[in-house]
Amino acid sequence: MYLSIVPLEVFLSESFPYKGVLLDIEGTTTPVTFVYDVLFPYARRAMQGYLEAHWDAPGFQELKQQILANIAEINAGAAGEGAPEVDAAASGEALRAAVMEHLKWQMSKDQKNSPLKALQGRMWRAGYEDGELNAPVYADVVEALSAWQAQGTPVYIYSSGSVPAQILLFKYSEHGDLGGYLSGYFDTKTGPKKEADSYTKICEEVGVEPAAMLFVTDNIDEAKAADRAGLKVAVAKRPGNAPIEVEHGFDVIETFGPISPA
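For the sequence shown, position 88 matches number 515 in this note's numbering, and the numbering has no gaps at all.
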């Protein structure tokens with residue numbers, strides 16, 4: 428099948444018997460540049476102040492130990508080649524500075540381990556709550572969410588970003604709090620996005636048959652994985668997204684609207 432542009436209302440017709448919608452975030456509901464051009468630079472800028480303010484706080488100790496354990500694991504393996512050394516026995520200020528440099532190194536390598544994600548999520552929460560961050564969500568997505576809610580169709584999110592980060596993004600969107608439109612969130616704790624079993628698990632958890640679930644993503648490998656699991660798939664073609672290969676077997680949408688409830 429050659430690339431085709433299909434309006435999403437095709438998937439909302441009475442002839443398509445889906446019972447749920449599963450959405451990717453980057454490049455689908457939100458510009459692909461938001462994470463790398465806004466969220467990640469913000470986390471790098473905020474990290475020193477955040478660690479200084481919370482390093483000895485009781486509520487940070489569990490995460491701090493997870494971060495230290497993860498650093499030790501990274502440095503002991505092949506993934507730690509070129510990583511900064513961190514002496515866990517160092518004094519508080521020296522250890523904090525070394526940990527910060529290692530975390531920034533992890534970000535420069537685009538690592539996505541759980542302790543780093545958790546720390547980023549905490550910093551982003553502070554940024555959102557302070558009004559320093561607002562998440563861009565395409566206006567046509569907001570219209571679609573409203574239409575799907577009116578139809579009684581549950582909408583779920585599946586992203587490589589952590590669930591807390593996903594919740595923040597939709598709560599503090601440029602269109603206001605969109606959380607009320609969403610029925611659930613999934614991240615890579617469910618499984619890798621390029622493996623079919625992950626989509627099977629999501630469908631089982633929400634009680635929707637794979638054939639009745641529409642998945643929209645900008646990533647062809649994710650689309651293929653969802654397709655192997657039996658989901659209906661559409662590929663999002665948004666400004667700034669990576670070029671889409673011509674032959675891939677999936678319908679392509681450039682917008683989520685206009686959509687009118689049935």
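One thing to keep in mind: the hints can contain errors.
Okay, the calculated beta carbon distance ranges per label pair [said to hold, decoys possible]:
{"id": "1", "residue 1": "Gly603", "residue 2": "Glu489", "range": "13 to 21 Å"}
{"id": "2", "residue 1": "Glu556", "residue 2": "Gly504", "range": "33 to 41 Å"}
{"id": "3", "residue 1": "Glu672", "residue 2": "Glu520", "range": "37 to 45 Å"}
{"id": "4", "residue 1": "Pro485", "residue 2": "Glu631", "range": "34 to 42 Å"}
{"id": "5", "residue 1": "Val679", "residue 2": "His602", "range": "39 to 47 Å"}
{"id": "6", "residue 1": "Glu636", "residue 2": "Pro485", "range": "25 to 33 Å"}
Once the Cα atoms are required to be at most 25 Å apart in a straight line, the calculated SDA-like pairs of lysine to any residue come out as [as the list claims (entries may be wrong)]:
{"id": "7", "residue 1": "Lys446", "residue 2": "Gly476"}
{"id": "8", "residue 1": "Lys491", "residue 2": "Ala503"}
{"id": "9", "residue 1": "Lys628", "residue 2": "Ser541"}
{"id": "10", "residue 1": "Lys446", "residue 2": "Ala553"}
{"id": "11", "residue 1": "Lys531", "residue 2": "Lys446"}
{"id": "12", "residue 1": "Lys491", "residue 2": "Arg471"}
{"id": "13", "residue 1": "Lys544", "residue 2": "Glu520"}
{"id": "14", "residue 1": "Lys536", "residue 2": "Trp482"}
{"id": "15", "residue 1": "Lys616", "residue 2": "Gly476"}
{"id": "16", "residue 1": "Lys664", "residue 2": "Gly634"}
{"id": "17", "residue 1": "Lys536", "residue 2": "Asp557"}
{"id": "18", "residue 1": "Lys536", "residue 2": "Tyr565"}
{"id": "19", "residue 1": "Lys621", "residue 2": "Tyr599"}
{"id": "20", "residue 1": "Lys616", "residue 2": "Ala577"}
{"id": "21", "residue 1": "Lys620", "residue 2": "Ala577"}
{"id": "22", "residue 1": "Lys446", "residue 2": "Glu681"}
{"id": "23", "residue 1": "Lys544", "residue 2": "Ala577"}
{"id": "24", "residue 1": "Lys536", "residue 2": "Leu522"}
{"id": "25", "residue 1": "Lys628", "residue 2": "Lys651"}
{"id": "26", "residue 1": "Lys598", "residue 2": "Ala623"}
{"id": "27", "residue 1": "Lys446", "residue 2": "Ala669"}
{"id": "28", "residue 1": "Lys446", "residue 2": "Val462"}
{"id": "29", "residue 1": "Lys651", "residue 2": "Ala623"}
{"id": "30", "residue 1": "Lys616", "residue 2": "Ser541"}
{"id": "31", "residue 1": "Lys446", "residue 2": "Gly548"}
{"id": "32", "residue 1": "Lys544", "residue 2": "Glu636"}
{"id": "33", "residue 1": "Lys446", "residue 2": "Glu672"}
{"id": "34", "residue 1": "Lys651", "residue 2": "Lys598"}
{"id": "35", "residue 1": "Lys531", "residue 2": "Glu508"}
{"id": "36", "residue 1": "Lys491", "residue 2": "Gly476"}
{"id": "37", "residue 1": "Lys536", "residue 2": "Pro581"}
{"id": "38", "residue 1": "Lys598", "residue 2": "Thr617"}
{"id": "39", "residue 1": "Lys621", "residue 2": "Gly603"}
{"id": "40", "residue 1": "Lys621", "residue 2": "Ala669"}
These are computed hints drawn from the structure, not numbers from a lab. Note that the structure is a prediction, hence the values are computed from the model and not measured. Even for Gly, the Cβ is constructed at its ideal location relative to N, Cα and C.
| What hint numbers does the structure not satisfy? | Failing hints, ascending: 1, 3, 5, 6, 7, 10, 11, 15, 16, 17, 18, 19, 20, 21, 23, 26, 27, 28, 31, 32, 33, 34, 37 and 39.
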